[in-house]
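Listed in order, the protein sequences are those of chains W and E.
Heads up, the first sequence is in the numbering used here, so the first residue is 1 and it goes up one at a time.
Heads up, the second sequence is in the numbering used here, so the first residue is 1001 and it goes up one at a time.
Hints are computed from structural coordinates only; laboratory data are not their basis.
Note that the structure is a prediction, hence the values are computed from the model and not measured.
Treat the hints with care, as some may be off.
Subject to a maximum C-alpha distance of 27 Å in a straight line, what follows is the list of computed DSS-like cross-link-like pairs (lysine-lysine) [stated by the list, open to error]:
hint : chain 1 : residue 1 : chain 2 : residue 2
1    : E       : Lys1199   : E       : Lys1069
2    : E       : Lys1069   : E       : Lys1054
3    : W       : Lys54     : W       : Lys199
4    : W       : Lys69     : W       : Lys199
5    : E       : Lys1162   : E       : Lys1054
6    : E       : Lys1029   : E       : Lys1164
7    : W       : Lys29     : W       : Lys162
8    : W       : Lys29     : W       : Lys164
9    : E       : Lys1199   : W       : Lys162
10   : W       : Lys164    : E       : Lys1069
11   : E       : Lys1054   : E       : Lys1199
12   : E       : Lys1164   : E       : Lys1054
13   : E       : Lys1199   : W       : Lys29
14   : W       : Lys69     : W       : Lys54
15   : W       : Lys199    : E       : Lys1054
16   : E       : Lys1164   : W       : Lys199
17   : W       : Lys29     : W       : Lys199
18   : W       : Lys54     : W       : Lys162
19   : E       : Lys1029   : E       : Lys1069
20   : E       : Lys1069   : W       : Lys199
21   : E       : Lys1069   : W       : Lys54
2 protein chains.
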Amino acid sequence: MNQQVNCSATCSQRQGNLIVLSGPSGVGKGTVVAQLLEQTPHLLRSISVTTRQKRNSELDCIDYFFLTKEQFSQSRASGELLEWAEYAGAFYGTPRSFVRQQQQDGNDVLLVIEVAGARQIAQLAPEAVLIFLSPPSFEALESRLAGRATEQPEQVASRLVKAKEEISQKELFAYEVVNDIVEIAVNNLQHIIYSERLKIRQPIR
Amino acid sequence: MNQQVNCSATCSQRQGNLIVLSGPSGVGKGTVVAQLLEQTPHLLRSISVTTRQKRNSELDCIDYFFLTKEQFSQSRASGELLEWAEYAGAFYGTPRSFVRQQQQDGNDVLLVIEVAGARQIAQLAPEAVLIFLSPPSFEALESRLAGRATEQPEQVASRLVKAKEEISQKELFAYEVVNDIVEIAVNNLQHIIYSERLKIRQPIR
């Protein structure tokens, strides 16, 4: 048996996994992701680029890289985006070099992206681990979105239409985690992340 | 969203998974499996049939169903065995009806079987979750086997030859868990079992 055989799940030589988390607006991705990152060693969040307006609570270079539409187009044209999507009038994308570097350093990289983006990742990086975060019910989602102070009623309506469409596409994903109780959702996400570290990667099968 | 969408990982309507654990003789399957079963809700061990001689510590109908060679042949001929294998001069098999009934009741069923049996399961039940339990090193395996009071030196030698062959086939498995510290191995097995409960099963993809 060579060294590779003995390499444990926390082995530093291991190349990290690409973990993709999607789910409808209002499902609670923010809260779940914050706890998950805090409690999971060797898991880093990818920082997305976006052209949407910064919310007051958000920080540039931490929550997103906020770009102008021109800057975004340049990144996209140069092949720097691992995926990109337009959502509610704004563009979002994942910077390829950041992700790959983190994986080479042995960290799992968490992408929190829209379903359209997850679809691109599934094609470009079939080894990615796709997870869908579901609301306990559509009504729960509706009331969470309506309760957001930052959203106008027409934005809520538009996000609900989008949410229905996204939920109908969840078969694209490998796993589903229901976000009813946050701690359980976080725990379930950790089970997935840890078990994926134990996968035997088969170059040919 | 229908009820199925909201079904949590512990939902009683869920059909259980078939979890297959293999690994070389002496890797510590017995200890790991005992702790795993004690600590994991909705996980039951399948009881194998075997023609090998009962050890003093073993109980019929609990550790194995001990059969004569004739009884074993009848079971095999009637299609009652989900897999079977000959190992060190004895026959082992998994009774199909026991496994399927437990799955229908919403329990995961754990099969602890030889690699040859795992290969049959992979073909007959491709949805099965195949896990390989590895020793931290080949030397560790050797000393564990040599320390077994129940084994003759020629049996140890024969098991070591078999072990090398089995380790070379671990690419058959989806996951690898190294049994260095038992508690960590059990914990890793739980991550796999829980995350597999969160899989979105795709009838067509």
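Status of each hint after checking the structure:
| no. | hint | result |
| --- | --- | --- |
| 1 | E:Lys1199 - E:Lys1069 | 40 Å, violated |
| 2 | E:Lys1069 - E:Lys1054 | 14 Å, holds |
| 3 | W:Lys54 - W:Lys199 | 38 Å, violated |
| 4 | W:Lys69 - W:Lys199 | 40 Å, violated |
| 5 | E:Lys1162 - E:Lys1054 | 21 Å, holds |
| 6 | E:Lys1029 - E:Lys1164 | 16 Å, holds |
| 7 | W:Lys29 - W:Lys162 | 16 Å, holds |
| 8 | W:Lys29 - W:Lys164 | 16 Å, holds |
| 9 | E:Lys1199 - W:Lys162 | 24 Å, holds |
| 10 | W:Lys164 - E:Lys1069 | 59 Å, violated |
| 11 | E:Lys1054 - E:Lys1199 | 38 Å, violated |
| 12 | E:Lys1164 - E:Lys1054 | 26 Å, holds |
| 13 | E:Lys1199 - W:Lys29 | 19 Å, holds |
| 14 | W:Lys69 - W:Lys54 | 14 Å, holds |
| 15 | W:Lys199 - E:Lys1054 | 35 Å, violated |
| 16 | E:Lys1164 - W:Lys199 | 21 Å, holds |
| 17 | W:Lys29 - W:Lys199 | 26 Å, holds |
| 18 | W:Lys54 - W:Lys162 | 21 Å, holds |
| 19 | E:Lys1029 - E:Lys1069 | 25 Å, holds |
| 20 | E:Lys1069 - W:Lys199 | 37 Å, violated |
| 21 | E:Lys1069 - W:Lys54 | 74 Å, violated |
Hint compliance for this structure: hints 1, 3, 4, 10, 11, 15, 20 and 21 are not met, and every other hint is.
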